[in-house]
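For reference, the chains in residue letters:
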Amino acid sequence: GNSVTQMEGPVTLSEEAFLTINCTYTATGYPSLFWYVQYPGEGLQLLLKATKADDKGSNKGFEATYRKETTSFHLEKGSVQVSDSAVYFCALTRTGGFKTIFGAGTRLFVKA
Amino acid sequence: GAGVSQSPRYKVAKRGQDVALRCDPISGHVSLFWYQQALGQGPEFLTYFQNEAQLDKSGLPSDRFFAERPEGSVSTLKIQRTQQEDSAVYLCASSIIGRGASGANVLTFGAGSRLTVL
Numbered sequence: 001g002n003s004v005t006q007m008e009g010p011v012t013l014s015e016e017a018f019l020t021i022n023c024t025y026t027a028t029g030y031p032s033l034f035w036y037v038q039y040p041g042e043g044l045q046l047l048l049k050a051t052k053a054d055d056k057g058s059n060k061g062f063e064a065t066y067r068k069e070t071t072s073f074h075l076e077k078g079s080v081q082v083s084d085s086a087v088y089f090c091a092l093t094r095t096g097g098f099k100t101i102f103g104a105g106t107r108l109f110v111k112a
Numbered sequence: 113g114a115g116v117s118q119s120p121r122y123k124v125a126k127r128g129q130d131v132a133l134r135c136d137p138i139s140g141h142v143s144l145f146w147y148q149q150a151l152g153q154g155p156e157f158l159t160y161f162q163n164e165a166q167l168d169k170s171g172l173p174s175d176r177f178f179a180e181r182p183e184g185s186v187s188t189l190k191i192q193r194t195q196q197e198d199s200a201v202y203l204c205a206s207s208i209i210g211r212g213a214s215g216a217n218v219l220t221f222g223a224g225s226r227l228t229v230l
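Just so you know, the sequences run in chain order A and B. First residue of the first sequence: 1, per the numbering used here; consecutive thereafter. First residue of the second sequence: 113, per the numbering used here; consecutive thereafter.
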C-alpha cells in the first residue's frame with residue numbers, strides 16, 4: 001500500500017544550523033508529495049509541495065526535491081531559526097487518488 | 113470564513129457518551145476531510161466529502177463513527193458510545209478542488225478538536 005516514512009524526532013538544533021529531515025515513500029505511479037508544518041497550538045499548514053519527479057518545492061527558506069529514483073522527498077533548510085520549531089509532516093497523494101497519507105511527523109526544536 | 117473552524121476545541125466525555133464535533137470549512141471549498149490524530153502520530157484519514165456527497169468513508173474505524181455534510185458546507189463528525197481508544201485530536205481539512213480536478217490537492221486544516229474519553 002501507499003505509505004510515508006520519516007525520520008524520528010525530536011531533532012534539536014542550534015540557531016543557524018543546517019536542517020535535514022528525511023522522508024521516503026511507497027506508492028505506485030507518480031504521487032504528489034507535500035511537507036506540512038504544525039506550529040504549537042495551530043493547525044497543520046502546507047509548507048511546500050512537488051507534483052512530479054525532479055520538481056523542487058520551496059517556501060520560507062525550506063526546500064525539498066522529488067526524487068523518483070530513491071522515492072524520497074527530504075526537507076532541508078540552510079539556516080534554521082527559533083521560530084522554525086514545530087512538527088513537520090511528510091505526506092503524499094497517490095496518482096489518481098485524492099486522500100492524503102501522512103507520515104508520523106518529526107518534531108524540531110531550535111535553540112537560541 | 114477566513115479559515116477552517118472547528119468546535120469544540122476540547123471535549124471530555126465519559127465512556128459511553130455520544131459526542132458531536134463540528135467543522136466549518138472555508139467558504140466555497142468543495143472538498144472536506146476528517147482525520148484522526150493520535151498523540152505523537154500523523155493524521156489518519158477517516159472520511160471525505162465532495163460537496164454534500166460522502167465519497168469515501170473507508171477510514172472510519174467502526175460503525176460508531178458517522179459523518180455528514182448535508183448542505184455541502186458545515187460538517188459534523190459524530191461518535192456514538194465513545195470508548196477510551198477514541199481519545200485523539202480530530203482534524204478537519206478543506207480543499208478548493210474536487211476529486212478528478214487537475215492540480216495537487218492542497219489541504220487547509222482547522223486547529224482540531226481534542227477528545228478525551230474517561
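Because the hints were derived from the structure by calculation, they are not lab data. For glycine and all other residues, C-beta sits at the position ideal for the given N, C-alpha and C. Any given hint might turn out to be false.
Chain B stretches covered by chain A per the calculated footprint, using a threshold of three residues with CB under 8 angstroms from any CB of chain A [claimed, not checked]:
hint : segment
1    : 124 to 137
2    : 219 to 227
With the Cβ distance kept under 10 angstroms, some of the chain A side facing chain B (calculated, not the full set) [to be verified]:
hint : residue
3    : T93
4    : F109
5    : K111
With chain B as the partner, please determine if F109/A meets the hint condition of a C-beta pair closer than 10 angstroms. At about 15 angstroms, which exceeds the 10 angstroms cut-off, the nearest Cβ of chain B leaves the hint on F109/A violated.
Cut-off 10 angstroms, beta-carbon criterion: hint that K111/A touches chain B: Not OK, violated: K111/A not within 10 angstroms of chain B, min 21 angstroms.
Hint validity - T93/A Cβ closer than 10 angstroms to any chain B Cβ: holds, 5 angstroms
Taking beta carbons only, do three or more residues of the segment 124 to 137 of chain B come closer than 8 angstroms to chain A? violated (count 0)
For the segment 219 to 227 of chain B, does the count of residues with a C-beta closer than 8 angstroms to a C-beta of chain A reach 3? Coverage by chain A holds here, the residue count being 6 at a Cβ distance below 8 angstroms.
Of the hints listed earlier, those the structure fails to meet are numbers 1, 4, 5, in rising order.
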